[in-house]
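Participant: One-letter residues, chain by chain:
Number of protein chains: 2
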Amino acid sequence: MPKISDKGRKMPASPIRKLVPYADKAKKEGVTVFHLNIGQPDIPTPDSMIRAMHELDQKVIEYSHSAGILSCRQKMCEYYKKHGINVEPDEIIIGAGASEAILFGVMTCLNPGDEIIIPEPFYANYNGFATTAGVNVKPIPSSIETGFALPPIEEFEKAISPKTKAIMVCNPNNPTGYLYSKEELEVLRKIVKKYDLYLFADEVYREFCYDGYTHHSVMNLEGIENNVVLFDSVSKRYSACGIRIGAMISRNREVMQTALKFAQARLSPPSLGQIAAEAAMDTPESYFDEIIAEYLARRNTVVKALSGMEGVICPTPKGAFYVTPSLPIDDSDRYCQWLLEEFRHENQTVMLAPATGFYATPGEGKKEVRISYVLNVERLEKAMKCIEVSLREYPGRTI
Amino acid sequence: MPKISDKGRKMPASPIRKLVPYADKAKKEGVTVFHLNIGQPDIPTPDSMIRAMHELDQKVIEYSHSAGILSCRQKMCEYYKKHGINVEPDEIIIGAGASEAILFGVMTCLNPGDEIIIPEPFYANYNGFATTAGVNVKPIPSSIETGFALPPIEEFEKAISPKTKAIMVCNPNNPTGYLYSKEELEVLRKIVKKYDLYLFADEVYREFCYDGYTHHSVMNLEGIENNVVLFDSVSKRYSACGIRIGAMISRNREVMQTALKFAQARLSPPSLGQIAAEAAMDTPESYFDEIIAEYLARRNTVVKALSGMEGVICPTPKGAFYVTPSLPIDDSDRYCQWLLEEFRHENQTVMLAPATGFYATPGEGKKEVRISYVLNVERLEKAMKCIEVSLREYPGRTI
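Chains as they are written, first to last, in the numbering used here: chain A, 374 to 772; chain B, 374 to 772.
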């Protein structure tokens, strides 16, 4: 039997996936499991997208242009314009989700063995993309005490080596919900310019900002136009994760021409998804007003409940739909498994994501979990009650 | 400005893409361009697939399982059973087209620097996947004199080195249309077993066999169950290339578990495409009967016309919808560009794929072109007339 690849062996298995069999078992036993572990929102997909499928009038569902259907990219440009970002259709390559777009970006810009600096905790799948491309992630710590703000410039400079080729940020952040300020982006601009690095930014949660704060895009940082590569998702924005439509965007011509070769090798992004995505971008702004009001209520429910629990530290994130609190527990992997395997409160329990999966530094994240507030307030309240009770009963509690 | 990656520089640009601006210019001038350069069939997508979109009744278009929607994989198993191939749903990972599936397979099984033997000419994008994975393609020659039959076992053995990890075949073949016999598959079985290599097979054109010949799958080769990885496409089979639904299939548990980690890193294959694909697999066999009759008429039109042209060698392929003839020309890249730029016959011309893109050996394929017979007979006849006239007028003709 031939051996599998070293890359395959190194590919990180998601710590959430390990928990799935325990969740399935609990559900089989009739236990209600509140899923706070996933980024799959419960918000309905906009009617316009469903209607685009109901009205599909093609005789042949053809390949699209490898960079995506032109009219879809044009719609994207209109969308970005509304958000103060000026881009042209040929500065956009549509990918099968932001996932594929990120892979194109990493493959285009970094050689195997190159390093990419990412403040941790960070979105676990960045590890997967790095392993796929043979690139090494150099984590630098962000701290729960600052609500997971951007690490100071000295931390970046300490981490920079001759192999450093890029910095990656997610803004608003998954898993922390942290929204970077204009000043923090200025720090990134300076360092990227000084060391001539790529700046990769995942701005998938751009719309999801709370408390009157607004999102600032890396695309508007002056003087580093050739360094910036933006990753985005239409699927996630419009609660249509399954359509798998994301994008890689850059003003760097050489980067885009090279990325297009990777895109051409796989022929075409999904056409049906693109048709739905194009329709989505006509969704009125009021759609987001409602959703953001809903997420705000959810965030407040979660943060208020968690902050009232003994030994819990919970920042108030200004964006996305995640929060990463610190809990009085010995080991988040063990705690999350115990919740599913043993803990029951009124025949209910919760599934959480252990934060260990969001750190590249071994041993980090053992006291933290990521909570996705993708359930309605009523269910979230029940879920928070479960967490509260569980923290009193958990054998590995530290207070 | 930071440098792009070595991989990015090495990524092959498709020779067809270079021709696109010339085709666009001709069309702008009012010239009819017959597109024989692409694998985009003109056959209508089955009604069942379009209907599945018209009847879409989901409120939220969610992520699917990373390996694909279970019911879709179950349908695939039924489909394979009808074709004499027994597989289980957990032996299938659905990819965004066969393209993604191939990338998962290569990443799972081969290390950067490993070698993969492929008889040439071969599907040009294999070069792209190999470059992406940092793997080296070792081509071995198949010859137009044998209709591009499998090279003899000695050619494989000559090419095998300590770095050889896999053999890849496409059956029926793109670009040659060659259909491997049971005996040829037996040769592959022996060599794969003897050297414990992976056998990758792209069987995307399984249904498209002519003249009473039938397709034999590598999945039924005994004693090498752990070596075989099958790549397939639902999109291509049902003339719905844009849905991007393919699959990686293997009975090797370790390979599938490892590939699943790559699949998990990108979360989910396209959900809309999977819903359409599941519906497609209820398409009655009569759909293929009609289409195969149509393709057979097209193949006969093309082969008969080409065989009657002076200096042209044209095998009669038994499968797929491609033929790769040898023409009396100096350089297929130059000839294909000249067709678009300068040649006109009754204000018409043809776009062909220079075969140079299907060879890894430099200098090979200069006398050959790939013709995709994806147009109806009437248009094909006009296109063949163009080729005939062009071969008399082409300044670089060799007879």
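Do not rely on the hints blindly, as some may be mistaken.
No copy labels: a pair is met if it fits in one copy or bridges any two.
Simulated crosslink set (DSS-like; lysine-lysine; CA at most 25 Å straight-line) [as the list claims (entries may be wrong)]:
#: 1; residue 1: K566; residue 2: K432
#: 2; residue 1: K536; residue 2: K376
#: 3; residue 1: K739; residue 2: K376
#: 4; residue 1: K536; residue 2: K383
#: 5; residue 1: K566; residue 2: K376
#: 6; residue 1: K376; residue 2: K531
#: 7; residue 1: K391; residue 2: K376
#: 8; residue 1: K566; residue 2: K401
#: 9; residue 1: K563; residue 2: K531
#: 10; residue 1: K563; residue 2: K511
#: 11; residue 1: K758; residue 2: K739
#: 12; residue 1: K566; residue 2: K455
It should be emphasised that the hints constitute simulated quantities derived from the structure, not laboratory data.
Participant: So, for every hint listed, does it hold in this structure?
Facilitator: Hints, one by one, checked against the model:
1. In this homomeric assembly, K566 and K432 never come within 25 Å of each other (Cα to Cα): the closest approach is 50 Å inside a single copy and 45 Å across copies.
2. Taking the shortest alpha-carbon separations for K536 and K376, only the inter-copy value of 12 Å comes in at or below 25 Å, while the best intra-copy value is 30 Å.
3. In this assembly of identical chains, the alpha carbons of K739 and K376 never lie at most 25 Å apart, being 33 Å within a copy and 38 Å across copies at closest.
4. In the homo-oligomer, the alpha carbons of K536 and K383 lie at most 25 Å apart both inside one protomer (21 Å) and across protomers (20 Å), since each shortest distance falls under that limit.
5. Taking the shortest Cα distances, K566 and K376 sit within 25 Å of each other only across copies (14 Å), while inside one copy they are farther apart (43 Å).
6. Proximity of K376 to K531 under the C-alpha cut-off of 25 Å is restricted to the inter-copy arrangement: shortest distance 22 Å between copies versus 38 Å within a copy.
7. Proximity of K391 and K376 under a CA criterion of 25 Å is satisfied intra-copy only: 24 Å inside one chain copy versus 39 Å between copies.
8. Taking identical chains as interchangeable, the C-alpha atoms of K566 and K401 are never at most 25 Å apart, the minima being 55 Å within one chain and 43 Å between chains.
9. Within a single copy, K563 and K531 get their C-alpha atoms as close as 15 Å, which meets the 25 Å cut-off; across copies the closest is 55 Å, which misses it.
10. In this homomeric assembly, K563 and K511 come within 25 Å of each other (Cα to Cα) only inside a single copy, at 19 Å, whereas the closest approach across copies is 46 Å.
11. Taking the shortest alpha-carbon separations for K758 and K739, only the intra-copy value of 22 Å comes in at or below 25 Å, while the best inter-copy value is 72 Å.
12. Neither within a single protomer nor between protomers do K566 and K455 lie at most 25 Å apart by alpha-carbon distance, with minima of 27 Å and 60 Å respectively.
Checked against the numbered hints above, the structure violates hints 1, 3, 8 and 12; every other hint is satisfied.
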